[in-house]
Amino acid sequence: MALPLDGPGLQEPVLIARAGDLVGLGGSDSPLLVRGLTVSYGRKPAVFSVDAEMPAGSMTAIIGPNGAGKSTLLKGALGIVPRLSGEIRVFGQPFAAARHRVAYVPQRAGVDWDFPARVIDVVLMGLYREIGPLRFAGRRHRQTALACLERVGMADFAMRQIGQLSGGQQQRVFLARALAQNADLYLLDEPFAGVDAATERAIVGVLQALKDDRKTVVCVHHDLSTVTDYFDRVLLINLRKVAEGPVGEAFTAEALQATYGGRLSRDHIEDLALAG
Amino acid sequence: MAAEVGLFLDALALRAGYNSALVAVGAALLGIAAGGSGAFIFLRKRALVSDAVSHATLPGVGLAFIAMVALGGDGRWLPGLLIGSALSAAIGLVIVEWMARATRLSEDAAIGAVLSVFFGLGIVLLTIIQTLSSGRQAGLESFLLGATAGMLLSEAYTIAAAGLVAALIVLAMRRQMTLVAFDPDYAATQGVDIRRTDLTMMALALIVTVIGLKVVGLILIVALLIIPPAAARFWTDRVDRLIALAALFGGLAGYIGAALSSAFAALPTGPIIVLVAFALFLASLLGSPLRGVLAAALNGLSFRRRVHRRQGLLALARGEAIYDGFTLAVLRQAGLIRRDGVATLAGRAAAAAAVRDEARWDAAHDLAAHNLAEDERVLERYDGLTPIEEVMTADQIAELDRRLARLEAARPEVSG
Numbered sequence: 001m002a003l004p005l006d007g008p009g010l011q012e013p014v015l016i017a018r019a020g021d022l023v024g025l026g027g028s029d030s031p032l033l034v035r036g037l038t039v040s041y042g043r044k045p046a047v048f049s050v051d052a053e054m055p056a057g058s059m060t061a062i063i064g065p066n067g068a069g070k071s072t073l074l075k076g077a078l079g080i081v082p083r084l085s086g087e088i089r090v091f092g093q094p095f096a097a098a099r100h101r102v103a104y105v106p107q108r109a110g111v112d113w114d115f116p117a118r119v120i121d122v123v124l125m126g127l128y129r130e131i132g133p134l135r136f137a138g139r140r141h142r143q144t145a146l147a148c149l150e151r152v153g154m155a156d157f158a159m160r161q162i163g164q165l166s167g168g169q170q171q172r173v174f175l176a177r178a179l180a181q182n183a184d185l186y187l188l189d190e191p192f193a194g195v196d197a198a199t200e201r202a203i204v205g206v207l208q209a210l211k212d213d214r215k216t217v218v219c220v221h222h223d224l225s226t227v228t229d230y231f232d233r234v235l236l237i238n239l240r241k242v243a244e245g246p247v248g249e250a251f252t253a254e255a256l257q258a259t260y261g262g263r264l265s266r267d268h269i270e271d272l273a274l275a276g
Numbered sequence: 277m278a279a280e281v282g283l284f285l286d287a288l289a290l291r292a293g294y295n296s297a298l299v300a301v302g303a304a305l306l307g308i309a310a311g312g313s314g315a316f317i318f319l320r321k322r323a324l325v326s327d328a329v330s331h332a333t334l335p336g337v338g339l340a341f342i343a344m345v346a347l348g349g350d351g352r353w354l355p356g357l358l359i360g361s362a363l364s365a366a367i368g369l370v371i372v373e374w375m376a377r378a379t380r381l382s383e384d385a386a387i388g389a390v391l392s393v394f395f396g397l398g399i400v401l402l403t404i405i406q407t408l409s410s411g412r413q414a415g416l417e418s419f420l421l422g423a424t425a426g427m428l429l430s431e432a433y434t435i436a437a438a439g440l441v442a443a444l445i446v447l448a449m450r451r452q453m454t455l456v457a458f459d460p461d462y463a464a465t466q467g468v469d470i471r472r473t474d475l476t477m478m479a480l481a482l483i484v485t486v487i488g489l490k491v492v493g494l495i496l497i498v499a500l501l502i503i504p505p506a507a508a509r510f511w512t513d514r515v516d517r518l519i520a521l522a523a524l525f526g527g528l529a530g531y532i533g534a535a536l537s538s539a540f541a542a543l544p545t546g547p548i549i550v551l552v553a554f555a556l557f558l559a560s561l562l563g564s565p566l567r568g569v570l571a572a573a574l575n576g577l578s579f580r581r582r583v584h585r586r587q588g589l590l591a592l593a594r595g596e597a598i599y600d601g602f603t604l605a606v607l608r609q610a611g612l613i614r615r616d617g618v619a620t621l622a623g624r625a626a627a628a629a630a631v632r633d634e635a636r637w638d639a640a641h642d643l644a645a646h647n648l649a650e651d652e653r654v655l656e657r658y659d660g661l662t663p664i665e666e667v668m669t670a671d672q673i674a675e676l677d678r679r680l681a682r683l684e685a686a687r688p689e690v691s692g
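As they're listed, the protein sequences go chains A and B.
For reference, each letter of the first sequence is one residue, going 1 to 276 in this note's numbering.
For reference, each letter of the second sequence is one residue, going 277 to 692 in this note's numbering.
It is worth saying that the hints were derived from the structure and are not from the lab.
Some hints here could point you the wrong way.
To be verified - Below are the SDA-like pairs computed for lysine to any residue, each with C-alpha atoms no more than 20 angstroms apart in a straight line:
#1 K321/B / G110/A
#2 K321/B / K44/A
#3 K44/A / L381/B
Using the sequences provided together with the hints, build the complete structure.
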C-alpha cells in the first residue's frame, strides 16, 4: 500500500479525545466503523480496502472526484451493494442488527418522481419499520411525518404529489423521510447536489441541529468550497482512502492533490480555506 | 342485432342462463385478481417479466398432458394441467432472474430469450400431442387465447379461491412492495428483502396467469395485469387507491367482456375482455380530470391565458405596445382593453394591481436575499402568477409596503 501507516488504530484515541467523547477506547461502539471495505462491480473495484471511523456527534464529508467510490462506500456500508471483503460495525453491531439506528438519504435522481405518492406518503415510508408491514398508518404516524416535514420547511406541501416539487423540495422530502426514522446515524448521498440556496441552508440547518443533538452525520459531498463551513471532519477517498480526520488536520492541499491528482488546479486549491 | 343487445343486457344482469352467469362472475373475479396484482408489477415496471412468466406456462401444459396420458389417466384433467403450467412458469421465472443476475445480459434480453424459447417449446409439444392418438381432441390450444365455451362451477371456485389468495398477498405485502417499487436502495436499508419481494410479485403474476389460462389465455393475460393499473394511474396519485381502482377496472373488464361474448356468440371471450379493458384505459386517458390528456390540455390553456394576462397587464402598466395576438385577445375578452388596444378603467386598475403585486414579490425576494426575511418559505410559492395576498398575511404585506415606501423615498437622492 502506498498509504502511510495512519490506520485507525493509531488515530482513534486522538480523535475520541478531540470529540470529547467517552465511548470505549477501542472505538468498537462508534456509530460507523469501516474496516478494509472493498466493493467491486464486475472485476473492477470501486472502493478498495477503505478504513474509516465516524465518532459520535461528528459531521463528516466524504470527498473525492467523480467515480472515486464515494456513493459506493455508503452503499457498501449499508449492504445495498454486496461487499467483496471488509467489515462494517454500526454502534458496535453488524448493520442488520442496528439498522433501526441508521437513516439513509439516497440520491434524488435514483427514483421515479412520477410515482403515485404524496409528500406525506414518502415521509411515512420512513416509519415502515415502526408501522410494520401489515398495519395501516395511524394519526400518530401522520403527525410524526408532518413534524418531520415541518423541520425541513415542507409541511405546506404534505398533500402534494411528489412530481410537482422542485429538485430542492424533493431533496428535503427525502431528508424528512430520514428524520422520521429518528435514527442516530445519518448517511446522505450528495444531499446538496442540484438544490437551490434556500434548500441548502435548510438542509445544513437540520444537519447541524442533528449534530448538536449528538447524532452522527455523514455526507457524500462534492462542493469543496463549503467543506470547512458545513463539516467538522473529512474523509478523502479515491478508490482508496487518502486521508481522514478533523477538517483542520486532514483537509490539506497535499491531501486534495493526492485525491484529485491533476484534476484540481493549484488556483482552485489555493482559494479554499485549507488547513495547514 | 337488437336481439344480441337484449342478450347482452340480460348477460349483464346475470339473466342469460346459468353458464353465462358463471362465466361472467368467474371473469370478473379473475379481472379483480389480475388488476390488483398487476398494480405492483406496473409500478415496478416489470410488465415484460410477467409476460415471460405467462408464456412459460405453455410447455408445462403440454408436458403435464403427456405425463397424465402416459400414466394412463385423462390428459385433459384441468388441475393437473394447471399444476404443470405453474411449474414451468416458475422455472421460466427463475431462469430470467438468474440470467439477469449472474450473467452480464440485461433483463430484457433474458426475458426475450426465455419467453420465446419456452413458448416455442410449448408449441412443439402441442403439435406432438396433436399427432398422438390420445391427443385427438385435447383442446390444449384453447390455453393460448382462452376458450369461448363455458366454465365449470369448480373452475369458478378455483378462480375465486386463487383470487382471494392473491388479494391477501397484495394486502400483506403492499407496504414493502410500494417501498421496493419507489426506492429499492432505501427499501434495502429498511431491511426489506428486494429479491424475495420481487419473486412474490411474480408469484402473483403466476397465480393470475394460471387461473386465467382457461378464460383469457396465456398470450393476453399480461394485458389484464397491466392495462387496469395503467388506466387507474390516470385517476389517482396514491398507491392504495391505484390498487383498488385497478382491481375495479379489471373486474369490470372481465364482467362486461364475458357478457359481450355470451351475447355475440362469435366473439372470443379472452380477447373481448382485453378490448373492454382497453376501452376503460382509453376513457381514463382522455377523460380523467386528474391526469387525462383533455384535462391536461385545458389546464395548459388556462395556464397560458394566465401568463398572457399577467404579461399583458404589466405591459399596459409600463405603457408598452402589445403585439402578441393571444395576449390582446385575452385582455379584450376580459374587458381590460378596448378594441383599439387602449386600456379600460378596469384594465388600468388591474394593471396597477399587477405592478403592485410584482413590486411586493420583488421586495420579498430582496429581503430573503439579504437574509432579513422572517420566513422565506413563502417564497417557494412564488410562480410569477399567484397574488401575494394568497401567500402572505396582511401584516407581512404591510411590512413589505413600508420597505417599498422607504426605497421609493430614497430613490431621488440616489439618482440625483
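Hint check:
{"no.": "1", "hint": "K321/B / G110/A", "result": "15 angstroms, holds"}
{"no.": "2", "hint": "K321/B / K44/A", "result": "29 angstroms, violated"}
{"no.": "3", "hint": "K44/A / L381/B", "result": "18 angstroms, holds"}
Violated hint: 2 only; the structure is consistent with all others.
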